[in-house]
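Number of protein chains: 2
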Amino acid sequence: MEANDLVFRPKAVVLLSGGMDSAVCLAWAKAQGMIPYALSIRYGQRHSWELQCASKIANQSEATRHLILDLDLRSMGGSALTDTIPVPKNTPASDAIPITYVPARNTVFLSLALAWAETLQAHDLVIGVNSVDYSGYPDCRPAFIQTFNQLANLATREGVEGRSFQIHAPLQHLDKAGIIQLGLSLGVDFSQTHSCYDPQEEGAACGACDACRLREQGFAQLGIADPARPHPA
Amino acid sequence: MEANDLVFRPKAVVLLSGGMDSAVCLAWAKAQGMIPYALSIRYGQRHSWELQCASKIANQSEATRHLILDLDLRSMGGSALTDTIPVPKNTPASDAIPITYVPARNTVFLSLALAWAETLQAHDLVIGVNSVDYSGYPDCRPAFIQTFNQLANLATREGVEGRSFQIHAPLQHLDKAGIIQLGLSLGVDFSQTHSCYDPQEEGAACGACDACRLREQGFAQLGIADPARPHPA
Numbered sequence: 001m002e003a004n005d006l007v008f009r010p011k012a013v014v015l016l017s018g019g020m021d022s023a024v025c026l027a028w029a030k031a032q033g034m035i036p037y038a039l040s041i042r043y044g045q046r047h048s049w050e051l052q053c054a055s056k057i058a059n060q061s062e063a064t065r066h067l068i069l070d071l072d073l074r075s076m077g078g079s080a081l082t083d084t085i086p087v088p089k090n091t092p093a094s095d096a097i098p099i100t101y102v103p104a105r106n107t108v109f110l111s112l113a114l115a116w117a118e119t120l121q122a123h124d125l126v127i128g129v130n131s132v133d134y135s136g137y138p139d140c141r142p143a144f145i146q147t148f149n150q151l152a153n154l155a156t157r158e159g160v161e162g163r164s165f166q167i168h169a170p171l172q173h174l175d176k177a178g179i180i181q182l183g184l185s186l187g188v189d190f191s192q193t194h195s196c197y198d199p200q201e202e203g204a205a206c207g208a209c210d211a212c213r214l215r216e217q218g219f220a221q222l223g224i225a226d227p228a229r230p231h232p233a
Numbered sequence: 001m002e003a004n005d006l007v008f009r010p011k012a013v014v015l016l017s018g019g020m021d022s023a024v025c026l027a028w029a030k031a032q033g034m035i036p037y038a039l040s041i042r043y044g045q046r047h048s049w050e051l052q053c054a055s056k057i058a059n060q061s062e063a064t065r066h067l068i069l070d071l072d073l074r075s076m077g078g079s080a081l082t083d084t085i086p087v088p089k090n091t092p093a094s095d096a097i098p099i100t101y102v103p104a105r106n107t108v109f110l111s112l113a114l115a116w117a118e119t120l121q122a123h124d125l126v127i128g129v130n131s132v133d134y135s136g137y138p139d140c141r142p143a144f145i146q147t148f149n150q151l152a153n154l155a156t157r158e159g160v161e162g163r164s165f166q167i168h169a170p171l172q173h174l175d176k177a178g179i180i181q182l183g184l185s186l187g188v189d190f191s192q193t194h195s196c197y198d199p200q201e202e203g204a205a206c207g208a209c210d211a212c213r214l215r216e217q218g219f220a221q222l223g224i225a226d227p228a229r230p231h232p233a
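Chains A and B, in that order, give the protein sequences. Residue numbers are given in the numbering used here: position 9 of the first sequence equals residue 9, and the series is strictly consecutive. Residue numbers are given in the numbering used here: position 96 of the second sequence equals residue 96, and the series is strictly consecutive.
Bear in mind the hints are in silico, worked out from the structure with no lab data behind them. Please note that the accuracy of each hint is not assured.
As the list claims (entries may be wrong) - Partial list, computed: chain A residues near chain B (C-beta under 10 Å): (1) Leu71; (2) Ala115; (3) Thr147; (4) Gln150; (5) Arg163; (6) Asp198; (7) Leu222.
Stated by the list, open to error - Stretches of chain A that chain B covers, calculated by requiring three or more beta carbons in the stretch to come under 8 Å of a beta carbon on chain B: (8) 12-24; (9) 151-158.
Glycine included, each C-beta is placed from N, C-alpha and C at the ideal position.
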């Protein structure tokens, strides 16, 4: 028996989208000694590529389980990511809430993660929000995460009985380059991750939406090539 | 033009389960002058009867729209209402959290209601929780509702931009008899409502689960017959 076998490893539910940020979160949870359960939501995204990436990442990272939950947010309407509104391209930087904001998305996703966590008797939830590059999204801010944490402990049997939940947002204060650096230090294979809001055939990134541009800038800042989409230079 | 046409009527999302409480909430919202949008969740209930009742109630109450959203909570496991655990019958009263508690259910349902509300630009959400008869459920308590209200205003574009959400729980401090009385005063047709956790063929109530017993006691306390299940006397 190795010494490691005696260490208590808490279960954690990690929200996994198939993008870079959540892939880093999954690796972070493992590095913290957590037993990761990955949760992806099929919520009516424009394309299935994202979820295929999530499955590959969950596999590579040896998540204990990867649950893909169906939830048809399209029936509600309301966002460029689920609706027929075109994804904006090459838009100038702005403090406004982007059109790609999905109404109450992180509230819905964290609620589902909480439901699963309580069922698993996991008390750690991990979400890849950050307030640097996506400051326009209200549900990526620290105050939102803190209040959800409070809610989780009021809302559940586990919380009420004193087994508190902890919501982790390990990327909260990192910019995209910082996230990539953290991921590389944890051995994340970014070739499997997907960021584009509007991918072309076979998942090729469009290169012009906000998500593509942030990703490109992040790798450029570090002076390294994006393994999913090598630098033209 | 009637004077009434000039009055602003806010839209409200009302969570509608097919039970008595949410039927009263829908009638309450209308009586408050709100334009009601009814939301039901098909979350892997043991039986479809509940949702059939929800549709009838939404129709009768002239909800502007009735959205039934699919969400497979069964894939998570964990409750007598969605799982293979038998529904408890004739259990003694207790302060413990009942086995029929569905992990984080009201958090998930309110999140979905919030997502739809934001899409509709509705700012009122109505939920039929009460802390008298169901004091065992953590997500029926006033502190839960208040904290969710706070979260809603942090989580959303509407909230951040100053168009606050209001979560209404008009049954919060009523017992079952009080809820029935309020419903009768608002013209609710209780013959269309369904309470049983474990219905028999064609939706007949079992008469022995917690929900059946609370319903029976409520009508008995008022000395009136349950139109859905007339008194034997």
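Hints, verified against the model:
1. Leu71: holds, 5 Å
2. Ala115: holds, 4 Å
3. Thr147: It holds, given that the least Cβ distance between Thr147(A) and chain B is near 5 Å, below 10 Å.
4. Gln150: holds, 6 Å
5. Arg163: violated, 12 Å
6. Asp198: violated, 21 Å
7. Leu222: violated, 32 Å
8. 12-24: violated (count 0)
9. 151-158: holds (count 6)
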